[in-house]
Amino acid sequence: MSITINEEQCIGCGRCSEVCPGTLIEMTAQHKAAILYPRDCWGCASCLKECPVGAVRFFLGPDIGGRGAVMYTKRNGSITQWIITKPDGTQTVLETDSRAANKY
Amino acid sequence: MEKLKIEYIDTDILIAGGGTAGCYAALKLAGKTRQHIMIAEKANIKRSGCLAAGVNALNAYITKGRTPDFYVDYAEHDAEGIARGDLLLTMSERLNKCTAELEKLGLVILKNSDGSYAERGTRNIKINGENIKPILAAAVYKLPSVKVHNHMNIIDFIVKDNKIYGAAAIDVQKPVLYIIKASAVLCATGGTAGLYRPNNPGFSRHKMWYPPFNTGAGMAAGMRSGAEMTTLEMRFIALRCKDTIAPTGTIAQGVGAKQINSRNEIYETKYGLSTPNRLYGTVMENAAGNGPCFLRTAGISAEQEIDLKKAYLNMAPSQTLKWIEQGSPREQNVEIEGTEPYLVGGHAAAGFWISTERQTTIKGLFAAGDTAGGCPQKYVTGAIAEADIAAEAIIKYLDALSPAKKGIDYQGIAELYKEQEEHFFHTSLKQFLVQDLEEAMQKIMDEYAGGIKTGYKYNEAGLSIAKREIEKLSILSDELTAHDMHELTFIHELKDRLLICLFLIEHLKARKETRWHSFAENADYPDKDNAFEEYINSRLQNGQIKIICRPIIKRGSHYEHNYQ
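One line per chain: the protein sequences are A and B, in this order. Everything in the first sequence is counted per full-length UniProt numbering, starting at 1 for the first residue and increasing by one. Everything in the second sequence is counted per full-length UniProt numbering, starting at 1 for the first residue and increasing by one.
Careful: at least some of the hints might be erroneous.
[Said to hold, decoys possible] Computed list of lysine-lysine pairs in DSS-like fashion (alpha-carbon distance at most 30 Å, straight line):
{"#": "1", "chain 1": "A", "residue 1": "K86", "chain 2": "B", "residue 2": "K363"}
{"#": "2", "chain 1": "B", "residue 1": "K405", "chain 2": "A", "residue 2": "K74"}
{"#": "3", "chain 1": "B", "residue 1": "K418", "chain 2": "A", "residue 2": "K103"}
{"#": "4", "chain 1": "B", "residue 1": "K181", "chain 2": "B", "residue 2": "K453"}
{"#": "5", "chain 1": "B", "residue 1": "K418", "chain 2": "B", "residue 2": "K242"}
{"#": "6", "chain 1": "A", "residue 1": "K32", "chain 2": "B", "residue 2": "K453"}
{"#": "7", "chain 1": "B", "residue 1": "K457", "chain 2": "A", "residue 2": "K103"}
{"#": "8", "chain 1": "B", "residue 1": "K147", "chain 2": "B", "residue 2": "K457"}
{"#": "9", "chain 1": "B", "residue 1": "K160", "chain 2": "B", "residue 2": "K457"}
{"#": "10", "chain 1": "B", "residue 1": "K163", "chain 2": "A", "residue 2": "K32"}
{"#": "11", "chain 1": "A", "residue 1": "K74", "chain 2": "B", "residue 2": "K104"}
{"#": "12", "chain 1": "A", "residue 1": "K86", "chain 2": "B", "residue 2": "K64"}
{"#": "13", "chain 1": "A", "residue 1": "K74", "chain 2": "A", "residue 2": "K32"}
{"#": "14", "chain 1": "A", "residue 1": "K103", "chain 2": "B", "residue 2": "K104"}
{"#": "15", "chain 1": "A", "residue 1": "K103", "chain 2": "B", "residue 2": "K242"}
{"#": "16", "chain 1": "B", "residue 1": "K406", "chain 2": "B", "residue 2": "K258"}
{"#": "17", "chain 1": "B", "residue 1": "K160", "chain 2": "A", "residue 2": "K32"}
{"#": "18", "chain 1": "A", "residue 1": "K103", "chain 2": "A", "residue 2": "K32"}
{"#": "19", "chain 1": "A", "residue 1": "K32", "chain 2": "B", "residue 2": "K5"}
{"#": "20", "chain 1": "B", "residue 1": "K405", "chain 2": "B", "residue 2": "K5"}
{"#": "21", "chain 1": "A", "residue 1": "K103", "chain 2": "B", "residue 2": "K546"}
{"#": "22", "chain 1": "B", "residue 1": "K363", "chain 2": "B", "residue 2": "K111"}
{"#": "23", "chain 1": "A", "residue 1": "K74", "chain 2": "B", "residue 2": "K310"}
{"#": "24", "chain 1": "A", "residue 1": "K74", "chain 2": "B", "residue 2": "K64"}
{"#": "25", "chain 1": "B", "residue 1": "K418", "chain 2": "B", "residue 2": "K363"}
{"#": "26", "chain 1": "A", "residue 1": "K103", "chain 2": "B", "residue 2": "K554"}
{"#": "27", "chain 1": "A", "residue 1": "K74", "chain 2": "B", "residue 2": "K457"}
{"#": "28", "chain 1": "B", "residue 1": "K97", "chain 2": "B", "residue 2": "K405"}
No wet-lab data here; the hints were simulated from the structure.
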């Protein structure tokens, strides 16, 4: 359970670094976000939801069933799109709305 | 890194920990007093604490037609009588008021057509809790009298003659030691994770139920200052979805999925439906060779499946990712497992021994949320109800206090801490890293103090080995080396956990019975014993952990400490 940050996409806004509940992400001298301790990630996805450009990719560790799929988010008002791409290229998109309560 | 800069901060009320309880306490305090309030938060209050990813439902609520006593009955029953009636009742009386205030702050709660909250079971209501923490944090930032210090890690309380005078802290990023002068302190640093070897000790070692960043800082600081602790032996072990350690209640309650073994037999009714017994049943089925165990979801509707996936995105997105990567819950049952044990006052009853007004045995040090003991099943709304009660008590305490912050040598204290902290920048132990000792601690606790390995069982002989080995690690930990402030924080987290382990071992030894399956499964004493219908408490006295047994406090009574 951890994240990777796409250096090319990262715009250096620092929001992921600011919000991480484990203070695990630092901003490099090149103004790029980098995860310091990948094994210390709780998997809360806070950074993912903060990133305005979808540069933070969330994945499951191989020890908990991760087989290469990655997830990132796009936000549009109250709607969050969760985009999951498997290694074979198939994509799943789910949407949550912060104005809607869970049915369960 | 060589030297630390000392910074002094002057405030009236210090809130240690800006999680749910801490943020809510700041809101309440700011509404009641003009005194200066500060939050010291190890990470950033926007997403720190238990609710970083969100929460699926509010699980402590007085539903239509029920009374606070109904909730107290439930919690006391689940705890087999080892809970504080006074704390549970005062909390339950405020649950609905606090829920209404959360809604006012912007929390989305599902409503029926008549405007009432939609209930999920007898004590729960349905919400969208993904952004509950950002909502609380945003409200805190609007308050001019509250100063938020993010990335500030409390390492000790400043206590003299059993009275609080502030705290010492380090910055997690910059080489700064803070000496905080305060007249009252609310400890809201949460419970303790990471004492035991986790389910996934490798790459995903932090994929656990409780936040791995809640390392018991406030509890350990209280222990070092001589505060009394209670019921640490009532560990909490969660029944979770395998690997992702995501919640199971949402599936069980949401789509009515039953717990089944690999022979497709429903086993949950065989062991009882209390929180410990749902877990215990799973442990027993596995031990009998009937595992793995599952929640029976195969065959749910397509609509149910999509609702489940969305519900998990709002609190545990790893589970949704797993379903997409490994197969959907409609096609296959969801495998479940028990986690490693945690110490947490919000689900079980481990934490500070407090008065009805939430004051610890140290004058001026209050506790709320997962760090406060005796009040299990408080969950999110109970934690904020407790913060509400503590806020009122803090105002009362400060009104009666005179003179504040006098007669204390803050400069002398600062010099002592500076020396203590800088020691870790030039120590002799080079062959072990913090994480090596952390893994050693977790392995010892796992094998000898009732971890996953032994099906949560322990006995006196094993506990004695655990004590001996944890003591050795504690001595070694004094010589660990830090290269930066983050590593220095890691050293403190380890040292705090080691101290908490030693307290926990004494508590496990002292309760010579098995009252709660799995949570405290004493193999020397496998049955419940009425002689132990009492609280097991502890405190540090002349460097030794002293066990104190106290009689049960019933609801309706008012408990105050007997300061001598």
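Here is what the structure says about each hint:
1. Between K86 of chain A and K363 of chain B the CA atoms are separated by roughly 57 Å; this puts the pair beyond 30 Å, and the hint is violated.
2. Distance restraint check for K405 of chain B and K74 of chain A: the Cα-Cα separation of roughly 50 Å exceeds the 30 Å cut-off, and the hinted pair is therefore not satisfied.
3. With a C-alpha separation of about 52 Å, the suggested pairing of K418 of chain B with K103 of chain A is violated against the 30 Å cut-off.
4. Taking the CA atoms of K181 of chain B and K453 of chain B, the gap is near 45 Å; set against the 30 Å cutoff, the hint is violated.
5. Taking the CA atoms of K418 of chain B and K242 of chain B, the gap is about 44 Å. The hint is violated against a cut of 30 Å.
6. Note on K32 of chain A and K453 of chain B: the hinted pairing is violated, with a Cα-Cα distance of about 42 Å set against a maximum of 30 Å.
7. Our distance criterion of 30 Å between C-alpha atoms is broken by K457 of chain B and K103 of chain A, whose separation comes to about 38 Å.
8. A hinted pair counts as satisfied when its Cα atoms are at most 30 Å apart, and K147 of chain B with K457 of chain B does not qualify at roughly 45 Å.
9. Proposed proximity of K160 of chain B and K457 of chain B is contradicted: the alpha carbons are some 40 Å apart, above 30 Å.
10. With a CA separation close to 46 Å, the supplied pair K163 of chain B and K32 of chain A exceeds the 30 Å bound.
11. The straight-line distance between the Cα atoms of K74 of chain A and K104 of chain B is roughly 27 Å, inside the 30 Å bound, and the hint therefore holds.
12. Pair hint K86 of chain A plus K64 of chain B does not hold up; C-alpha atoms about 46 Å apart against a cutoff of 30 Å.
13. The straight-line distance between the Cα atoms of K74 of chain A and K32 of chain A is roughly 19 Å, inside the 30 Å bound, and the hint therefore holds.
14. At roughly 21 Å between alpha-carbon atoms, K103 of chain A and K104 of chain B fall within 30 Å of each other, so this suggested pair holds.
15. Distance hint between K103 of chain A and K242 of chain B is fulfilled; the C-alpha atoms sit about 23 Å from each other, no more than 30 Å.
16. Under the criterion of a C-alpha separation no larger than 30 Å, the hint pairing K406 of chain B with K258 of chain B is inconsistent with the structure, at around 60 Å.
17. A threshold of 30 Å between alpha carbons decides the hint, and for K160 of chain B with K32 of chain A the separation of about 46 Å lies outside it, so the pair is violated.
18. For a cut-off of 30 Å, the pair hint linking K103 of chain A to K32 of chain A is broken: about 39 Å separates their Cα positions.
19. Straight-line distance between C-alpha atoms of K32 of chain A and K5 of chain B comes to about 28 Å, which keeps the hinted pair within the 30 Å bound.
20. Pair hint K405 of chain B plus K5 of chain B holds up; C-alpha atoms about 23 Å apart against a cutoff of 30 Å.
21. Between K103 of chain A and K546 of chain B the CA atoms are separated by roughly 48 Å; this puts the pair beyond 30 Å, and the hint is violated.
22. A distance of roughly 43 Å separates the Cα atoms of K363 of chain B and K111 of chain B; the hinted pair therefore is violated under the 30 Å criterion.
23. Proximity of K74 of chain A to K310 of chain B is assessed by CA-CA distance (about 15 Å); at most 30 Å being required, the pair is judged to hold.
24. A hinted pair counts as satisfied when its Cα atoms are at most 30 Å apart, and K74 of chain A with K64 of chain B does not qualify at roughly 39 Å.
25. The hinted pair formed by K418 of chain B and K363 of chain B meets the criterion: a straight-line CA distance of about 26 Å does not exceed 30 Å.
26. Using a Cα cut-off of 30 Å, the hinted pair K103 of chain A and K554 of chain B is violated, with the two alpha carbons roughly 37 Å apart.
27. Our distance criterion of 30 Å between C-alpha atoms is broken by K74 of chain A and K457 of chain B, whose separation comes to about 46 Å.
28. As the CA atoms of K97 of chain B and K405 of chain B are separated by approximately 35 Å, the hinted pair breaks the 30 Å bound.
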